[in-house]
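Take a look at the letters that make up each chain.
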Amino acid sequence: MKTENTHIIKTTNLSIGYSSRKKVNTIASNLTIKLEKGNLVCLLGKNGIGKSTLLRTLTKVQPALKGEIFINNKNLNTLNNLDLSKSLSLVLTERLPESNLSVFELVALGRQPYTNWVGKLSTKDLQYINAAFKQTNTTHLMHSKYYELSDGQLQKILIARALAQNTDIIILDEPTAHLDIHHTIETFTLLKKLAKDFNKTIIVSTHEINLALQLANELWLMTPSNFISGKTEILISNNSVNTLFESDLISFNKTLKQFTINNS
Amino acid sequence: MVNPTKSYRNTFILLTITLVLIVLINISLGSVYIPLKQIFLSFFDGQVEKESWKDIILDYRLPKAITAIIVGSGLSISGLLMQTLFRNPLAGPFVLGISSGASLGVAILILGASFFGANITAYAFTNWGQAAAASIGAFLVLSAVMLAAIKVRNTMSILIIGLMFGSLTAAVISVLAYFSSANQLQQYLFWSFGSLGNLSWKEISALLVTFIIGISLVVFIIKPLNSLLLGENYAKSMGVNVKRTRNLTLISTSLLTGVITAFSGPIAFIGLAVPHLTKLLFSTSNHKILLPAVAISGAIIMLICDSIAQLPNSEYTLPINAITSLFGAPIIIWLLVRKRKINY
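Read top to bottom, the protein sequences are chains A and B. Counted from 1, the first sequence has number 20 at position 20 by the numbering used here; the numbering is strictly sequential. Counted from 1, the second sequence has number 97 at position 97 by the numbering used here; the numbering is strictly sequential.
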């Protein structure tokens, strides 16, 4: 039972979805997650399957319909926003509202859970901010305004902001949706490095399946009937990955570790 | 260790000096011109050339200047808060129905006084009665808009809802006006022109106390306001209690705008234009810098508008509301045309 304690995210009998007064709309049920620290996890599934709903539930944006979630062995329901902000940070897909924030100010906002009531940055805060710039290789962007950045640069800055928040877990919702192939691979490599070198637990929802298969330590697969989580190699070898799309158009090629177009 | 947060000390010193100069100029200008030297003398109880000058300064022009400072700062800060909360550059006290709420409150008091009987009528023509009515009206309408805001969550819809409330109150005011006497109408019209003068020291103290309470609340939301610049979801993920921040913003804005509108009438455009001008000047979105900057700039611009409204060396005084709009509207147009994009 010793390994039980090392799970940074654990769920028991979790059901996710939306409930209103009229009816309950369950999107997925019986989700079992047992995730250890320092892993890069890719959450895969087709559009509309409930990836965002799962991430929203794990981050306490919306409540679980059933079951419990444990972050660092603490029940999510017992944590308030501030507690949670010290163990979990986010990179969202939504566009940032327009503002005059400089890149430095944006990344420095990541220190908010730790700063005093007016948000004064201490030497320690500055150390974390500078480290975040270094880890993402973006120190040269510090003095720009964030609206001057390209999509690829902005994505790295948003990751830097999450790093400055100094949390064990970073959750990213489709971080490469607007990026070209170069920046996509760059982003994933960065995330892999952060998981490996800095022992961060990183959960990414993505449609970059081929990249996920190469880089992720663990996969969470969402299909209409099932939620499967496990080590990437295991899920490849037991054909779980192949169940991701019920499509005649593409199928999974085990030797190439890729989805390929079926020859008709 | 690099901390590239820009220091704005020099800009602040410059702004403060400008403010002091403008205050002095504002006091010296009016139907009679009073030399700066005489102003200093009257402050420090020295011999003033004409005794009437001392009275003009201490009983009329100084209170007016102080009112202008409070009104300018308060409205500008409210505008900034609304723009950040709603993440919309066109938000301001006017758009969100605070001013129309205050107008409705005063309209019901003045124009509807005859319906309520003599007890109310006695209050209708005092500054205090109008202040109370305006505050209550402002708070109720803003609360209604905010309740709707919680339901819809879409910023564009919220602004439209605010505009609809504005039309609604305007309609109610028209109906009230239709049944009112000429005397009541005139009274209401004068209130809606806006005015910085006419306030006794007692009334200014009330204005000042509310202003200080409002500003003290704002100080506590500087940090969460900054995180709201990234949107509500990011703010929550950084530990911000979004609901509490929204409520504090709502309370301080309605306090500031409500009471200011109550004593000085619905003054247009300052709340919308000054935050944009300040953001252009300071090129930052950090509320720790912006709030004091907006407060000082608001005071300066209000004093300038007031000096113009006095029409120096003439008997006439223009309605302050006309001057702020004449000044505010072209600036917003100019900003949009020049920058093509305004940040908030």
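Watch out, some of these pointers could steer you wrong.
[Claimed, not checked] Here are the simulated DSBU-like pairs of lysine-lysine, each with C-alpha atoms no more than 30 Å apart in a straight line:
(1) A:K124 with A:K66
(2) A:K34 with A:K60
(3) A:K60 with B:K37
(4) B:K243 with A:K74
[Stated by the list, open to error] Partial list, derived from the structure: chain A residues whose beta carbon lies under 10 Å from chain B:
(5) P63
(6) A64
(7) L90
(8) Q112
(9) V118
(10) R161
(11) D168
(12) I171
(13) E174
(14) A177
(15) H178
(16) I181
(17) I185
(18) G230
By construction, these hints were calculated from the structure, which means they are not laboratory data. Glycine included, C-beta positions come from ideal geometry on N, C-alpha and C.
Hint check:
no.	hint	verdict
1	A:K124 with A:K66	violated, 40 Å
2	A:K34 with A:K60	holds, 18 Å
3	A:K60 with B:K37	violated, 65 Å
4	B:K243 with A:K74	holds, 24 Å
5	P63	violated, 14 Å
6	A64	violated, 17 Å
7	L90	holds, 4 Å
8	Q112	holds, 4 Å
9	V118	holds, 6 Å
10	R161	holds, 8 Å
11	D168	violated, 14 Å
12	I171	holds, 9 Å
13	E174	violated, 14 Å
14	A177	violated, 16 Å
15	H178	violated, 17 Å
16	I181	violated, 27 Å
17	I185	violated, 26 Å
18	G230	violated, 28 Å
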